[in-house]
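J.: Next come the chains, spelled out residue by residue.
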Amino acid sequence: MSTLTPGFADPVLDAQATFRAVLEAMSRPGRIQRAGTGLRPPAPMMPAAAAVLLALADSGTTLWQDAGTDAEAWLRFHCGAPFAAMPAEAAFVLATGAPPVIADLNAGSEEEPERGATLIVQVAALEEGAGWRLSGPGIEREHRLAVTGLPSDFVAAWARNRGRFPRGVDVILCAGERIAALPRTVAIAEG
Amino acid sequence: MAVLARASGEEIAALMPELPAHERLRAPETGLVMVRGRAGGDGNAFNLGEMTVTRCAVRLGETVGHAYVAGRDKRQAELAAVLDAALQDPARRDALMAAVIAPLATRQTASRDADARRAAATKVEFLAMQTTR
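Residue numbers (our numbering), protein chains in the order written: chain L, 1 to 191; chain U, 1 to 133.
In case anyone wonders, no lab produced these hints; they're calculated from the structure. Here the structure is a predicted model, which means the values were calculated and not measured. Not one of these hints is a red herring.
Here are the computed lysine to any residue pairs in the SDA-like style, where the Cα-Cα straight-line distance is at most 20 Å: (1) U/Lys-74 - L/Pro-6; (2) U/Lys-74 - L/Pro-11; (3) U/Lys-74 - L/Val-12; (4) U/Lys-74 - U/Ile-101; (5) U/Lys-74 - L/Ala-9; (6) U/Lys-74 - L/Asp-10.
The following label-pair restraints were derived from C-beta to C-beta distances: (7) L/Ala-130 - U/Ala-70: 53 to 61 Å; (8) L/Arg-20 - U/Asp-94: 45 to 53 Å; (9) U/Arg-112 - L/Ala-73: 35 to 43 Å; (10) L/Asp-58 - U/Gly-41: 33 to 41 Å.
Beta carbons: idealized from backbone N, C-alpha and C, even for Gly.
Chain U extracted, bound-state conformation (with noise of 0.2 Å):
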């Protein structure tokens, strides 16, 4: 759920051409989510703010799939729930992960890495600094 609530409907949709049939118990919807926070790891809990949440229900035959996705693409919701619901069912799984999770998770941590490094790159190492003074 994880590597689906950081894809785009568009990245989902195109490894996913075909999507089994569902019915929508809950249709796409879009609300505010309140994020609480704590500073320090032992202060108070306290609200940092609101974030735009859309989540979404799908049965597909007997498997009931939920998804909560950060922003407001309803296509991803229901195709994350689509597949939540999907990956449920041990005679597909496997054949999913290798054709959807698997690349969208492989894209994702290429991504952080060249991240990553263009960060790391503009790194400065204050102790170097010292010892060359």
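This is chain L alone, in the form it adopts within the complex (with noise of 0.2 Å):
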């Protein structure tokens, strides 16, 4: 109990700003947008992960996260959102270490493509210009973005998440207090 540290100062305004922040990345796949300046959860959960939890998370929304004890509390004080006991059960999966298999998440049903799961992973860091090639819906011709801290086989598994579209996972890359989305219906090239 005693690791517990405040959620946002402001619930409403932050919350709204964090949403905000997020609805931007998605609609611009690998653009970087800024989340959680100012909040400090605890270790190993970054600022922006944190933030999108608290903004998108609530009683109604299934929980599951690699980290740990102290996360798992403050989480439950701030959100209320119940947890569970395996990723594929999950609504939103915060991966602060190796994420887990895309597809092994749930990907939602043809009818109902919107309930597949959101995935929120940490990176070391994440950077414009360089690395990637992004295409796709809201993307003009391509956009490049550079990850660092992801596992090599990530760009595969996209390939396949993307292939069973309507159906898939969605990605919010975070680092620090920057985040930046990738939607299920982005290609990423390497290189």
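Grab the two chains, each in its own frame, and use the hints to assemble them into the complex.
T.: The structure is reproduced here in structure tokens:
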């Protein structure tokens, strides 16, 4: 209990600002937005990942996380979200270490693709202008995003995720206070 | 906590001039809570109605204090949460109980007794009327 730290300073405005940042990130895949400035979540959770969960998760969404008991207590207190035993059952999956296999997560159904899970991955660094070439809805020609700290098979797993559209998993990448999103429609080409 | 829940924010503040430094984990916020009732003790539970509740959570050093109080008195919720945290500390507990909780409890008992006496004075003993006839 002693490790509990405050959540948003202004629950309404900060949650709205974070929601806006996630919306911008999802509509313009690969463009970096800021979220979670001033948050002090328990380690190893990053401010951006914590802010995204504070804004999006509540008692109606199941959560799965690998950040340990301090993070779980913090999320329980501030989000009030129920925790799932397995990543496959969760609506929001927070990965601070190696991300779970995307194919194992809930991808929604053909009738209700919006029920697909959102995977929040903490990575070491996010940088625009180099690395992956992203294309798809929300990108005029291509957008470049360099991500440090993802497993090497991520791009192949992502291609399979994109192949089962409209079902699929959306990913939000977090590094410190920076976020970038990969909605299920985006195509990633390496180099 | 029952004593603090019945006291008003001003009453607690008057007895607690200096508030220990604390950190707000959840700033005082007001919401609605569904009150459920049960007819006759063995009937089905039903929703009686919603009531306004203000809640607050603070951290005082290593301890966390929570408070849920009826009404919209944010000051009362915060003070009650701070006291909840402070009373968990054995070093401060006795002094605070004597300085804050005991006077509030005495005042509340006195006021409840006064109300009870005022009501008792108007009580009609139907049985007594029968016997006087």
